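**Student:** One letter stands for each residue in the lines below.
Number of protein chains: 2
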Amino acid sequence: MVRKNRKVISRLSRYKNALNRFQSLGFVKIFSDYLAEAVGVTSSQVRKDFSLFGIHGNKRGGYQIDALLERLNEILGKNELQRVILVGAGNLGSALIKYKNFEKDGVKIVAAFDIDPAKHGDRDSIPVLPLDDMQRFIAEQGIKTAILAVPDVAAQPILDRLTSCGIKGVLNFAPIQLKAEGRCVVNHVNLELELENLIYFVNAMEKTGDTGLGN
Amino acid sequence: MVRKNRKVISRLSRYKNALNRFQSLGFVKIFSDYLAEAVGVTSSQVRKDFSLFGIHGNKRGGYQIDALLERLNEILGKNELQRVILVGAGNLGSALIKYKNFEKDGVKIVAAFDIDPAKHGDRDSIPVLPLDDMQRFIAEQGIKTAILAVPDVAAQPILDRLTSCGIKGVLNFAPIQLKAEGRCVVNHVNLELELENLIYFVNAMEKTGDTGLGN
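Read top to bottom, the protein sequences are chains V and P. Residue numbers are given in my numbering: position 42 of the first sequence equals residue 42, and the series is strictly consecutive. Residue numbers are given in my numbering: position 142 of the second sequence equals residue 142, and the series is strictly consecutive.
By construction, these hints were calculated from the structure, which means they are not laboratory data. Every value quoted in this text rests on a predicted model; they were computed, and no experiment measured them. Where hints are given, some of them may not hold.
Copies of the same chain are indistinguishable here, so a pair counts whether it falls within one copy or spans any two.
Taking lysine to aspartate or glutamate pairs in the DMTMM-like style, the calculated list, with each CA pair at most 20 Å apart, reads [as the list claims (entries may be wrong)]:
id, residue 1, residue 2
1, K7, E194
2, K98, E194
3, K98, D124
4, K78, E192
5, K108, E206
6, K108, E192
7, K179, D33
8, K104, D66
9, K48, D124
10, K48, E70
11, K59, E140
12, K179, E37
13, K179, E140
14, K100, D66
15, K59, E37
16, K100, E80
17, K78, E194
18, K179, D124
19, K119, E70
20, K104, E192
21, K98, E206
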């Protein structure tokens, strides 16, 4: 297997999203430069990324959108429903339960787990269960992926429980660096950090009239 | 001004978060290798990042945590309350209104705006106002930063309105590539993409027993 990094896979997702939009606009074929423009990369980047997966366009006709989408969906595992669990049903967790865009994208949160009995019960048709039921649920349902939306201090112990239950991928929202035992990928979404980062550049522009972005 | 990129600023945020935790554990001084370990970078990276901002440790004593935190807060604009607006008070927007961690971090959502009259009114002490009031509010309050949590199709027109009102930084949650006119920084948080990315690696591991992460 060609070793592929996160950035390539992220771009594949973005190509897929753009292709869906082109398709909804009635496009049947597309050239790499259109796709590049929509995603904000160069067209040689598009062709390079696709060639990594053995996808090649036609110089005169470009790419056939339906075939390209089918291949991208297959690579990204979108051809079957991806079942994930959510740990932590606080403010952010509750929002993620309600967040309709995941389902549109072929990902279903099948259950949430929380330590607080007040949070247990069904919410938006998703059961919120006691944390102690988590291990059995993961085993019985063969769950491999979890979303972690717990407070900072709980994040590492919960991650340890998840990996010991066989979870292979975690999307962590706690603003803390986590260490996964064994073979588990942890991706981070740090909202505070994103906002702080943005504010730095806004302030820098205010002071100097320049974004200061050397990147 | 030294041109500094997003990654450096993101690491400064992460150093700050780790330092706050070390301080809460009773630490007064810290060596770069401790900080590096907590953040998941090398200690030479820590020293290099700090030296960009004229921060130098003491070889025998390391860094004084309180002075270092003060300097980092100053660089990141955390010494004064940062006021931001939110556009879009749907599921995700509502969750962001409730999300307490922003305030802990010195960022306050002072108002939200939505096109839907049913959403107007106060929510968790934050006013949700008509979209048509946005321009006046931004001007009167001198707002520079906005969080965008609107549906895909609304994102670009709203961004255009925000930049024409003088907004300099936008944190965009819509899963779509946006183009900002003039001097406005747009940072993206794409939850679907993060989850899709994770699932790719989980599936790759299932198939091959390897993360395939060449990064």
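**Student:** Now tell me, hint by hint, if it's right for this structure.
**Tutor:** For each hint, the structure was consulted:
{"no.": "1", "hint": "K7 - E194", "in the structure": "both (18 Å within a copy, 11 Å between copies)"}
{"no.": "2", "hint": "K98 - E194", "in the structure": "between (22 Å within a copy, 17 Å between copies)"}
{"no.": "3", "hint": "K98 - D124", "in the structure": "both (7 Å within a copy, 18 Å between copies)"}
{"no.": "4", "hint": "K78 - E192", "in the structure": "between (30 Å within a copy, 12 Å between copies)"}
{"no.": "5", "hint": "K108 - E206", "in the structure": "between (43 Å within a copy, 19 Å between copies)"}
{"no.": "6", "hint": "K108 - E192", "in the structure": "between (26 Å within a copy, 11 Å between copies)"}
{"no.": "7", "hint": "K179 - D33", "in the structure": "between (40 Å within a copy, 17 Å between copies)"}
{"no.": "8", "hint": "K104 - D66", "in the structure": "within (18 Å within a copy, 47 Å between copies)"}
{"no.": "9", "hint": "K48 - D124", "in the structure": "neither (42 Å within a copy, 48 Å between copies)"}
{"no.": "10", "hint": "K48 - E70", "in the structure": "within (19 Å within a copy, 45 Å between copies)"}
{"no.": "11", "hint": "K59 - E140", "in the structure": "neither (49 Å within a copy, 54 Å between copies)"}
{"no.": "12", "hint": "K179 - E37", "in the structure": "between (37 Å within a copy, 11 Å between copies)"}
{"no.": "13", "hint": "K179 - E140", "in the structure": "neither (26 Å within a copy, 46 Å between copies)"}
{"no.": "14", "hint": "K100 - D66", "in the structure": "neither (24 Å within a copy, 43 Å between copies)"}
{"no.": "15", "hint": "K59 - E37", "in the structure": "within (18 Å within a copy, 49 Å between copies)"}
{"no.": "16", "hint": "K100 - E80", "in the structure": "within (18 Å within a copy, 36 Å between copies)"}
{"no.": "17", "hint": "K78 - E194", "in the structure": "between (28 Å within a copy, 14 Å between copies)"}
{"no.": "18", "hint": "K179 - D124", "in the structure": "neither (32 Å within a copy, 35 Å between copies)"}
{"no.": "19", "hint": "K119 - E70", "in the structure": "neither (39 Å within a copy, 38 Å between copies)"}
{"no.": "20", "hint": "K104 - E192", "in the structure": "between (26 Å within a copy, 10 Å between copies)"}
{"no.": "21", "hint": "K98 - E206", "in the structure": "neither (37 Å within a copy, 29 Å between copies)"}
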